[in-house]
Structures are given as structure tokens and as C-alpha cells.
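2 protein chains.
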Amino acid sequence: MKRALILLSGGLDSTTTLAIAKAEGFEPYTITFRYGQRHSIEIKAAEKVSSIMEVKGHITVDMDLRQIGASALTSNIEVPKKRTPGEITRDIPVTYVPARNIIFLSFALAYAETIGASDIFIGVNVLDYSGYPDCRPEFIEAYEKMANLGTKAGVEGKRFNIHTPLIRMTKAEIIKKGLELGVDYSITHSCYDPTPEGLPCGECDSCILRKKGFAEAGMKDPLISG
Amino acid sequence: MKRALILLSGGLDSTTTLAIAKAEGFEPYTITFRYGQRHSIEIKAAEKVSSIMEVKGHITVDMDLRQIGASALTSNIEVPKKRTPGEITRDIPVTYVPARNIIFLSFALAYAETIGASDIFIGVNVLDYSGYPDCRPEFIEAYEKMANLGTKAGVEGKRFNIHTPLIRMTKAEIIKKGLELGVDYSITHSCYDPTPEGLPCGECDSCILRKKGFAEAGMKDPLISG
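In the order they appear, the protein sequences are chains H and P. According to the numbering used here, the residues represented by the first sequence are 6 to 231, in order. According to the numbering used here, the residues represented by the second sequence are 6 to 231, in order.
Treat the hints as calculated values from the structure; they're not laboratory data. Only a predicted model underlies this, so the values are computations on that prediction, with no experimental measurement involved. Check the hints yourself; a few may be wrong.
One copy or two, it doesn't matter: identical chains are merged, so the pair holds either way.
No farther apart than 30 Å at their CA atoms in a straight line, the calculated lysine-lysine pairs in the DSS-like style are these [claimed, not checked]: (1) Lys157 with Lys53; (2) Lys163 with Lys150; (3) Lys157 with Lys87; (4) Lys61 with Lys86; (5) Lys163 with Lys217; (6) Lys216 with Lys150; (7) Lys225 with Lys150; (8) Lys163 with Lys216; (9) Lys217 with Lys157; (10) Lys53 with Lys7; (11) Lys7 with Lys217; (12) Lys216 with Lys157; (13) Lys157 with Lys86; (14) Lys150 with Lys87; (15) Lys216 with Lys7; (16) Lys7 with Lys27; (17) Lys27 with Lys86; (18) Lys7 with Lys163; (19) Lys150 with Lys53.
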């Protein structure tokens, strides 16, 4: 079985990406980043997802992105609330962390090289987050090319492939695909600004896109009671 | 004055790179990585170089590369000793850390974006370290392209330039250039495996290339007494 490394935040998109990698026949390994997020709920969600979905190995990498760039995801800037999906899609948001996916992919690349995996899966999506430059197909393509020029494995012909199965899917399509593959979305976590009890705020960009996705898929979000 | 960010290990190459960035008229900022090296001497050298060469800002970023890939630079594998310059140049060495420059450049990119610097300097060199895939011009070119597609600054037209002034220079040429620019090489540190007192071992790849460089430049290494 070919090994694949999946970047896993414990959210809806990356959990679905893991399910897709498994369905494609890869032996899954997951990598999660503790990068100075406001809360550690997503780290715990990633651990739970990795365990329940029976990945072969899971590591959490520590780094402090607060040192190198402020953003609402890591510092005290307020997380935007109650924006419409249109507003969320339009601009580069305040939740943008400079070069975040570039940094995450670089650690994933190093770890993939170490475990002998040539396939890296990342759940980026260009539709819901068109404001994030590092979620676009042209970026991923350039990253893959760079990775194959800058690593021992790449130079020796073990070509790295960066898989982005969700890149052009709507949130509703992602949810339908995940449910088809048996994903239990009650173990995932999406909110940027959860309550002290760990419940989703319901009003941040991530909650709003998740809500819209479940509504359009005609499904009920198992995270939301009532 | 335009800001530039220089990746600084405190070694001969990166210190010369800093001197070149200053000579080109940039306002210099430096970034150093504490990545699980066997010893902290190079972190101290980078601090000293930053202070003596009057950079505008210096940060040291913590990360643990031991988690994601073993190498003689970070783990207990023995550092190779007494190899000839020819042997050093030929293969991808045991001191290769998977994707190290990719990871370092990614943090530098994020920090450069945060401080509004479009120019990043890295002292990679293809002659002495042809075994490191991430020191080659084609890699740097691919990295720059990726960086301009994957960041807010890049997308908004503030193009990132990755400068590699040493890339095709011999060690002797680097040393001559640095001396011309007034670099005090006694404050730099190159050894992969220093003595407990912090003195260079004289036998690792880095010491051997440094020795050869000073010899070919017809100069005396101020680090070596006697």
C-alpha cells in the first residue's frame, strides 16, 4: 500500500480529504499543526479524527506563527462575525496568516520525505476561500514543482504529488462526498472562535460556510443540537 | 530605504550575504532558526553578527525538525569527518535535513510579508554543496514563483525577490568579497560539531570547506589560532 500524508486540522474539509485518501487506497498518515491558535480544540479534534479513522501515524508539529505574523487566528484581532458567504469570499480576510499553507506544506513535505510518502493531501478549496491566495490551483501547482526541485526524493525521481481533491467542490458537495464515505462529522471542528465549552460560535466565517454547506446538502450538522 | 530580510545562521556564508545586502543599500532584518541543532553556538553567533552588523531587527524562530526527519545535524547520527572537498560535493550528505531550506524560506516569507519586505536574501551555494537539492538555482527560481502565487503581497503585486548572491561563488570568492566589505569572520561560526568549548572541530565538511576557502583566498581564518 502506498503511503499518503494528509494535512489534518480536524475540520470538515481536512477530515473529508482524509476519507478520500483512504477511499483511493492510500495508507494514511496525518500531520497537524499547533501554531499558536487561540484554542486547542482543533488539535484535539485532529487527534480524535486520526484515531477513529484509523490512520497509521499522526504527528502534531509545534511552531509559533505569532512570532512572524499577526492575524485574527493567532492574535487578539477580533474574528469577523456574521458576514455573508459573499463577503467571506470576496477579500483576503483578517484571518489570513502570512504564508500559512506554504509553511504547513513545507513541514508536510519534510515529514513525507522522512516516511517515504510521495503523496500529500491538502483540503484547500478555492470556492469558499477565494480570498486566500494559498488555496488556489496555480499556487498548488507551483508548490509541487518547487517541491520536486528542492528535495532529495524529488531530485531522485520519487515525484511528490500534491492532491487537492476538494479544490473545486462546494461545501455542500464536500459534505455529501464525506457522508457517502462514512465520515462522522460530529467529531470534526470548524469554528474560529468557539465558546469556552468548545461549542461553535455559529457566527464566524467558518461556522457560516459550514452551516450553508449542510443546508445546501439538505443535511443536518451533527455538531448543532436542536 | 527598502527593507530586506536575510536568513542568518551566523556562519560564514550567511554573514557575507548580510554584508552584501547592506552594501546594496537595503535596510537589513535577520531571521535565525533554532531547529533542534546539536548545539546552540550558531544561534549565539547569529545574535552577535546581527548586533555587530547593526541590523534593524533580528528574530529567532523556534521549531523542532527532529520530529519530522532525522539527520546528522539534529540527531545522533555521526557527523562525517575528514572527507575531501570532492567527497563533500558529490553526494546528498547525511547532514541533509529534509526540506530544510524550503521550511526556512517559508518562515522567512511569512515574516518578510509581515514587516513589508519584498527582498529575501539567502546564502545558498551550489558549488560547495551541490549535494543539497535546495541550494540550486532552479529550486530558488521555482520557490520565488511559488511565493508570488501563494501570498497576499505577491498576489497584490508586491513581488518577492529571492536573492542568492553567493550561489555561484567559490568559498574563496565569498571570503574575499566579505573581507572587502569589512566582515569580521572571527564572529562567525561554521562547524557542524564544535568542541564543548565551542571551538571548531576542524574535520567536519563545513570546517574543511572553510579551511580550503581561506587557503585559496590566501587569507588566515581569524577563528583558528596559531
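Note to self: For each hint given before, does the structure comply? Return the numbers of the non-compliant ones in rising order.
What the structure shows: 1, 4, 5, 6, 7, 8, 11, 14, 15, 17 and 19
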